[in-house]
Amino acid sequence: MTEKLFARPKSLADVSTHYCPGCHHGIIHRLVAEVLDELGVQDKAIGVTPVGCSVLAYDYFNIDMVEAAHGRAPAVATGVKRVHPDSVVFSYQGDGDLAAIGTAEIVHVAVRGEKITTIFVNNAIYGMTGGQMAPTTLVDQITTTSPYGRQAEFAGNPIRMSEMLATLDGAKYIARVAVNNPANMAKAKQAIKNAFQIQLSGAGFALVEVLSTCPTNWGMSPLEAVEWMEKNMIPYYPLGVIKASEEVAK
Amino acid sequence: MAEKVLMKGNEAIGEAAIVAGCRHYFGYPITPQTELTEYMSRRMPKVDGVFLQAESEVAAINMVYGAAGAGARVMTSSSSPGISLKQEGISYIAGAELPCVIVNMMRGGPGLGSIQPAQGDYFQATKGGGHGDFRNIVLAPNSVQELVDITILSFDLAEKYRNPVMVLGDGALGQMMEPAEFNPSNAEPSQKPWAATGLRGRTKPNIINSLYLQPDILERHNIHLQDKYTLIKENEIRYEQIRTDDAELVLVAYGITSRIARSAMEKARSEGMKVGLFRPISLWPFPEAQLFELTKKSSAFLTLELSAGQMVEDVRLAVNGAKPVYFYGRTGGMMPSPQEVYEVIVKTMNGKGGK
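If you read the protein sequences in the order shown, they are chains A and B. In terms of our numbering, the first sequence has 224 at position 224, counting the first letter as 1, and numbering is strictly consecutive. Adding 250 to a residue's 1-based position in the second sequence gives its number in our numbering.
Watch out, some of these pointers could steer you wrong.
What the hints assert, rightly or not - List time: in silico SDA-like cross-link candidates among lysine to any residue, alpha-carbon distance up to 25 Å:
1. B:Lys377 / B:Lys296
2. A:Lys44 / B:Lys442
3. B:Lys296 / A:Arg112
4. A:Lys10 / B:Thr447
By construction, these hints were calculated from the structure, which means they are not laboratory data.
All chains, full assembly: derive it from the sequences and hints.
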């Protein structure tokens with residue numbers, strides 16, 4: 001008698017993805033799908049995908065999906081959720097999408113306390129277009145549009161979206177996690193689960209920022225990229241629960 | 251027959267949408283259509299509907315995209331500068347083939363322009379507006395009653411063709427008060443098996459999308475869209491003609507301008523001049539063949555617009571050189587008086603027409 005210990009989550013489509021070797025999107029997709037399965041909401045989940053590396057995520061989840069214009073996923077998710085208040089709606093967005101072109105939409109979805117969940121993948125660069133500077137790019141980080149390194153004097157300092165959004169009353173749960181090692185993956189999954197539970201409780205808006213590598217555009221091997229993230233990103237973007245309402249604390 | 255009520259144009263659109271079964275409205279204040287947004291904020295909660303004041307026109311149209319994708323009857327409204335902001339979203343809605351109704355109560359432009367009535371968004375409305383090869387169905391009412399009827403019709407057309415429908419009015423129509431009655435549509439509510447509702451027992455996910463990375467597949471999608479537009483051209487031409495049977499000069503005007511044109515025409519008729527009026531109601535699809543038909547009897551056309559000359563290009567394409575086409579327009583929020591138009595008619599009839 002054999003027991004199946006590990007299987008593909010039902011909410012994850014049985015397809016191969018276009019993600020580069022070492023990219024963390026695949027892990028993050030899986031964690032989201034595992035949470036949807038565990039909460040038993042696959043049948044009423046609707047995901048909203050962004051423009052960026054995860055633009056094709058609508059093919060990777062085994063649930064209804066809506067592909068949004070660049071930055072507009074929170075507005076699109078709002079429209080979906082207001083039509084089906086009993087559904088479980090999430091937006092999945094990168095840092096260019098959420099922290100640059102979509103700042104108004106992410107701020108106001110939190111202001112309204114919209115009952116959706118946002119998975120915010122921060123890899124400090126524009127991946128899909130080939131490695132340009134993002135609002136989250138670190139100072140001195142070299143990208144194709146900051147070839148001499150990001151200079152704070154001209155480009156400002158990287159934005160900490162989670163801390164900013166946590167100041168808004170409608171945001172009920174904000175956490176920053178990473179998936180750089182198994183321990184952090186477990187924490188990331190718990191945070192994602194918390195964020196969906198906030199939605200299910202009807203409390204308001206929840207967001208999980210997941211730090212991710214981009215080995216291709218950082219110009220590193222997957223292992224070097226994980227080390228670079230640990231050495232440079234995590235100190236600037238500290239991990240942990242930034243805000244948690246009573247619904248989670250319970 | 252429903253009871254007639256005296257209503258402001260903007261508010262009448264709101265009530266018409268509710269009569270049509272619209273229960274989701276996403277808007278943002280802008281003059282001269284704000285009464286519609288305000289009306290929806292009052293009415294929607296009374297009918298268990300959703301009113302949401304978005305953070306921008308950009309957000310509002312993307313909420314429409316989400317709600318339409320989720321299967322709702324949904325509307326947004328704005329005026330010229332706000333409609334410009336919605337164009338990205340309208341292109342996505344057209345690409346993803348989602349039904350929705352978009353109201354544009356036009357004001358003077360370009361830029362921030364003015365808040366008075368204008369018709370300078372004709373090109374934007376009828377030629378696409380956003381990026382890519384797509385068409386909105388564009389309907390132009392000229393009275394409060396027609397704002398009501400056309401708003402109700404727009405929801406049916408949007409769902410029949412899975413296409414955005416734009417109701418193209420102007421500041422004057424939005425602000426004027428006239429009696430109107432509200433008659434619901436007889437059309438069957440359409441099924442939306444394609445909507446993103448959550449699987450709810452379905453095994454194949456529904457995906458709302460306008461991305462086709464493979465060029466051959468995108469071309470196929472575009473051909474499908476064009477086939478749909480051909481069908482719309484065959485089925486959805488709407489227009490009105492008044493006294494065109496014996497007209498030597500045919501005035502061509504839509505929306506509020508058609509009412510000024512009609513007054514001027516009646517004055518000219520009373521002076522014995524053979525003048526008629528052709529009023530396109532569907533601006534896209536444009537009643538091309540019907541207008542060309544008039545070239546067989548009439549000797550000239552005079553297009554009147556609250557713009558520097560936009561619809562006149564479609565009039566010229568329709569007339570196709572068969573007869574001269576003249577133009578008279580006012581811009582910036584200025585409206586010609588019937589007397590002013592009458593004088594242009596006299597000049598045109600005397601062979602001294604404008605450009």
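Legend entry - Hint numbers not upheld by this structure, sorted from lowest to highest: Number 1 - this is the single hint that the structure violates.
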